[in-house]
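Chains as they are written, first to last, in the working numbering: chain A, 9 to 665; chain B, 8 to 241.
No lab work stands behind these hints: they were computed from the structure. On a predicted model such as this, the values are computed, not experimentally measured, just so you know. Mixed in with the good hints there might be a few duds.
[To be verified] Calculated lysine-lysine pairs in the DSBU-like style (CA-CA distance at most 30 Å, straight line):
1. 166/B with 307/A
2. 20/A with 138/B
3. 223/B with 122/B
4. 195/B with 390/A
5. 20/A with 307/A
6. 138/B with 390/A
7. 380/A with 349/A
8. 305/A with 122/B
9. 13/A with 164/B
10. 380/A with 119/B
11. 59/A with 117/A
12. 390/A with 13/A
13. 456/A with 97/A
14. 307/A with 220/B
15. 141/A with 614/A
16. 223/B with 194/B
17. 119/B with 23/A
18. 390/A with 119/B
19. 427/A with 380/A
20. 138/B with 13/A
21. 83/A with 236/A
22. 166/B with 194/B
23. 544/A with 260/A
24. 122/B with 13/A
25. 390/A with 164/B
26. 307/A with 119/B
27. 194/B with 20/A
28. 195/B with 305/A
29. 195/B with 307/A
30. 390/A with 223/B
31. 20/A with 59/A
32. 305/A with 119/B
33. 390/A with 220/B
34. 9/B with 220/B
35. 97/A with 130/A
36. 141/A with 13/A
37. 220/A with 236/A
38. 119/B with 138/B
39. 119/B with 13/A
40. 166/B with 305/A
Here is what each chain is made of, one letter per residue.
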Amino acid sequence: MILFKKMLRDIKHAKAQFLTIIIIAACGVFTFVGSITVGSRLEESVHQFYKSADINDVWVNVEGATPQDVDAIRKLPGIEAAQGRTVMKVFSDNRVLDLFVLNENVLSKPYLATGEPFESEKEGLWLDQEFAKANGFRIGDTIRIHTGNGQSVPVIIQGLVLSPEKLIDVSSETLSTRHDLYGYAYMGETAAHHTFSFSGMNQLLIKMKSEKNIQTQLTSVEQVLGQKYMNSLTHEEHTSTSGAANQIGQFKTIGYVTPMLFFLLAILVVISTMSRLITNQRVQIGTLMSLGIHIRKIKWHYLSYGLFLGITGGVIGLIAGYYVIPAIFMGTLHQSFILPKWSDSFPIETLWSIAAVCGCCILAVLFACGGKLNALPAVVLKGEAPSRPKKSLFESIFHSKAKFSFQRLWLLRNLRSRKVRGAMGIFGSFGCAFLILFGFANIDTSNKSIEVEFDRQYLYQYKADLLALNAEQAQSMNWNQAGIQPIQERRVVVKSTTAQRNLPVTIIGSGDYINLDVASPDVMPVPETGVVLSQKMADVLGVKAGSTVSLRIDGGQWKEMIVAQTIQAPVANRIFVSEAAWQQHGEIFVPNVLLLGDQAALQSAKEHYPVTQIVAKADMKEANRTLNEGVFASAAGLTIAAIFLGIAVIYSLGPLI
Amino acid sequence: MKSFIQINNLLRTYQVGENEVAAVNSMEFEIEQGEFVVILGPSGSGKSTLLNLLGGMDQATSGTILIEGNNIAQYSLEELSRYRRSDIGFVFQFYNLIPNLTAKENVDLSRKLCKDGLDSTEMLEAVGLAKRLHHFPAELSGGEQQRVSIARALCKKPKLLLCDEPTGALDSNTGALIMSVLWDISKKYNQTVIVVTHNAAIADTANKVIRLKDGKVIDIQINENPLPMNEVAW
């Protein structure tokens, strides 16, 4: 107890150094706990939704499958459940709905937010809650539905639901997340028969008994379905499930990587502070030994400094991280992910961060103590003889050529005799300078990216979203209008021999509003064959120009495409394909966006195409700037933290004092 | 009957650069229970090294140090630690109090190391510091700090009180006062006290005076009738 009092008073006397350690330890735990809490809450919320909805493992697109086919699949070994359904695109004025027609509701069951429970025999439909909210639809309202074959019928809204398959974006065929334009709905098969004429089921939901060997099971499914089988999607390929998994992974990665820096700094500062403390308390240590206090007890006394600092910093970081970071990020996540319930769980692994930071501090103290506590009391009291000064290597090499001032010689020799502290000082300063540069570079890069993207890559003035068209409609339209460039934006799965990514692809029609060579003022057209990848994405996939990558659209067959070119692009995770290259691989170019050069083109687009929404490039640029304010804020925070840490490290290490 | 302390052929050498220096060389003497012993000698004569060896703070190169018949020269580090805890009280020249502990806490730190130690408050009262119990060392004068140091050493009820230049950092009046305290304790508790000093003035107060030079005992003087400390001219 008396030694505990001594520790508290020692800490009070060297409060600047110890406070620095506590803050650094707290920062490490803060970032870990915050990121892990956000990631875990998202994971838990998604998991709970998947579990309650009994989400399927695989989506199999089929043509004219029958209930007998579904029964046959159910009987396959390794299959836990299977369900057939019809997925069709319907319209309500200029709005697009993915309509799921079900004759049973056993897999990927929609979550009923409000209204009547779903029954396949019941009339009416169960509408996407976000779509209803954005458009002001309520239960009991009647919504007019148009089908692709020209039917138009009124349908009553029975309930508002959330789909476990639609956590992220509303439409898998566009990159838009606009709930006022894109949504989904569920309808019972009986009601659908009364309302529309449609033929058979076109999608099977399958749940496996085990997540292992999904591909093997799929081969069996394909054999059962024969010609009816078209393609399939797993969770890794499905936009919503893979997007959720990626986001969870990102938070966890941040959670595990960022604190390392702080823990490393904490170790450096603890080593330095405790080395100095132990050196300064040499006589006290010798006295404690002379009193007969056991060496283990003395060691424990000094280890308790590390433990106290670790626990104090850890607990502060834990509490702050648990409350502050989720408060910042959960709001954004609530916007990005449509989930019925959000978990407010406390991930137990966050406690490990306290153990980790305590471990770092204790190890640092042990390192600082070294053999100083293992000597006889007389030796400890007498102290170490000062090391014999020697010329530094730098001095030996350059002394004949350069004349060093007294201060420089002093500095060099001190550095030589205090190698560890000197190295830690240099390393700490380097790390802090790196962080400061990283912060500024981040701000600069963000600004530059927006400038390059909107001033050099995209040369249009307006961007118009189109109503979803089917292949026939798209092919029947004339896309060659002056000042208008059609493009198609969608997601694809891209795979190389080493990596796989779910990416947005831009299929570029004729026109010159997209410049792939941002370094050149002349527009570089997209090559007629192959795909264009950003250099960064090429690095991620481990490919280069001339390599082959495989693309998979909507779970279809993998198609091999040559990497025609790699470019320096402001947005790394995007690939470009020309209309011609797209069609060479048997795909149909169905534009869903128009790039417009001027006001006249804008008027022309309104007259000739089913335009749903127009955005000026200047507004998009401004919106991106606003979005980037978060990056600026975090970069500024990083810079301030780095400056603070730099001061703390230099002050605490006092390399040459 | 064996003496309380018996030193035989004691050697302690140090490596200084490439040379081996004997700080204590072939020493032999005996000290009886309850004696007030003064070790005199110039700087570098081996006084402090001898005291460290007697107090289990250092290990002999060779020879024997018998304390109540136990040869502490052969003790392991663990045994030496136990020996210092139970048998030894140390008073240092520069007091060596723990700066962040009060006078009472400094004494308590020592007292709690043994089962039947003396009450710290009583000990501090006995050395005249009843009103300074809760003061930190920096708030005490040199003499007061040394009295705390004595109280800290004595509260363990050590068999042997070792004092290394206890008046070396004090003015003569305070030094005399401290020596009086030590002398009184020795007589009052029949406490064996060994004082290392180069102040020859106190030699007359000791039961035994051991003179050292160059690591060797050059003279052992036994005073049949030592003077009380207050009769010594400082």
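Results for each hint:
Between residue 166/B and residue 307/A the alpha-carbon distance is near 27 Å, which keeps this suggested pair within the 30 Å criterion. Distance restraint check for residue 20/A and residue 138/B: the Cα-Cα separation of roughly 26 Å lies within the 30 Å cut-off, and the hinted pair is therefore satisfied. Among the hinted pairs, residue 223/B with residue 122/B is inconsistent with the structure: their alpha-carbon atoms are about 38 Å apart, more than 30 Å. Under the criterion of a C-alpha separation no larger than 30 Å, the hint pairing residue 195/B with residue 390/A is inconsistent with the structure, at around 33 Å.
Between residue 20/A and residue 307/A the alpha-carbon distance is near 20 Å, which keeps this suggested pair within the 30 Å criterion. The suggested pairing of residue 138/B with residue 390/A is violated, with an alpha-carbon distance near 33 Å, which exceeds 30 Å. With a C-alpha separation of about 57 Å, the suggested pairing of residue 380/A with residue 349/A is violated against the 30 Å cut-off. For the hint linking residue 305/A to residue 122/B, the alpha-carbon distance of about 17 Å falls within 30 Å, and the restraint holds.
Annotation: proposed proximity of residue 13/A to residue 164/B holds, straight-line Cα distance about 25 Å (limit 30 Å). A threshold of 30 Å between alpha carbons decides the hint, and for residue 380/A with residue 119/B the separation of about 25 Å falls inside it, so the pair holds. Of the supplied pair hints, the one linking residue 59/A and residue 117/A holds, its CA atoms being roughly 10 Å apart against a limit of 30 Å. Distance hint between residue 390/A and residue 13/A is fulfilled; the C-alpha atoms sit about 26 Å from each other, no more than 30 Å.
Note on residue 456/A and residue 97/A: the hinted pairing is violated, with a Cα-Cα distance of about 40 Å set against a maximum of 30 Å. Between residue 307/A and residue 220/B, the direct Cα distance comes to roughly 38 Å. Violation of the 30 Å bound is thereby established for this hinted pair. About 27 Å separates the Cα atoms of residue 141/A and residue 614/A, which keeps this hinted pair within 30 Å; it holds. For the hint pairing residue 223/B with residue 194/B, the CA-to-CA distance comes to about 29 Å; that is within 30 Å, so the pair holds.
With a CA separation close to 29 Å, the supplied pair residue 119/B and residue 23/A stays within the 30 Å bound. Only pairs whose Cα atoms come within 30 Å are accepted, and residue 390/A paired with residue 119/B is accepted, the gap being roughly 26 Å. Between residue 427/A and residue 380/A the CA atoms are separated by roughly 17 Å; this keeps the pair inside 30 Å, and the hint holds. For the given pair, residue 138/B sits about 22 Å from residue 13/A by alpha-carbon distance, which is consistent with the 30 Å threshold.
Between residue 83/A and residue 236/A the CA atoms are separated by roughly 18 Å; this keeps the pair inside 30 Å, and the hint holds. As the CA atoms of residue 166/B and residue 194/B are separated by approximately 14 Å, the hinted pair is consistent with the 30 Å bound. For the hint pairing residue 544/A with residue 260/A, the CA-to-CA distance comes to about 22 Å; that is within 30 Å, so the pair holds. For the proposed pair residue 122/B and residue 13/A, the alpha carbon gap of about 22 Å is at most 30 Å, so the pair holds.
A threshold of 30 Å between alpha carbons decides the hint, and for residue 390/A with residue 164/B the separation of about 26 Å falls inside it, so the pair holds. Proximity of residue 307/A to residue 119/B is assessed by CA-CA distance (about 18 Å); at most 30 Å being required, the pair is judged to hold. Between the alpha carbons of residue 194/B and residue 20/A the distance comes to roughly 43 Å, so the proposed pair goes past 30 Å and is violated. Distance check on the hinted pair: residue 195/B and residue 305/A sit about 34 Å apart at the alpha-carbon level, beyond 30 Å; violated.
Restraint check: the Cα-Cα separation between residue 195/B and residue 307/A comes to about 38 Å, which exceeds 30 Å; the hinted pair is violated. Restraint check: the Cα-Cα separation between residue 390/A and residue 223/B comes to about 22 Å, which is no more than 30 Å; the hinted pair holds. Note on residue 20/A and residue 59/A: the hinted pairing is violated, with a Cα-Cα distance of about 52 Å set against a maximum of 30 Å. Distance restraint check for residue 305/A and residue 119/B: the Cα-Cα separation of roughly 13 Å lies within the 30 Å cut-off, and the hinted pair is therefore satisfied.
For the hint pairing residue 390/A with residue 220/B, the CA-to-CA distance comes to about 21 Å; that is within 30 Å, so the pair holds. With a CA separation close to 27 Å, the supplied pair residue 9/B and residue 220/B stays within the 30 Å bound. As the CA atoms of residue 97/A and residue 130/A are separated by approximately 21 Å, the hinted pair is consistent with the 30 Å bound. As the CA atoms of residue 141/A and residue 13/A are separated by approximately 62 Å, the hinted pair breaks the 30 Å bound.
Among the hinted pairs, residue 220/A with residue 236/A is consistent with the structure: their alpha-carbon atoms are about 25 Å apart, no more than 30 Å. Restraint check for residue 119/B and residue 138/B: the C-alpha separation of about 22 Å stays at or below 30 Å, so the hint holds. A distance of roughly 15 Å separates the Cα atoms of residue 119/B and residue 13/A; the hinted pair therefore holds under the 30 Å criterion. Taken as a hint, the residue 166/B and residue 305/A pair is honoured in the structure, with Cα atoms around 24 Å apart against an allowance of 30 Å.
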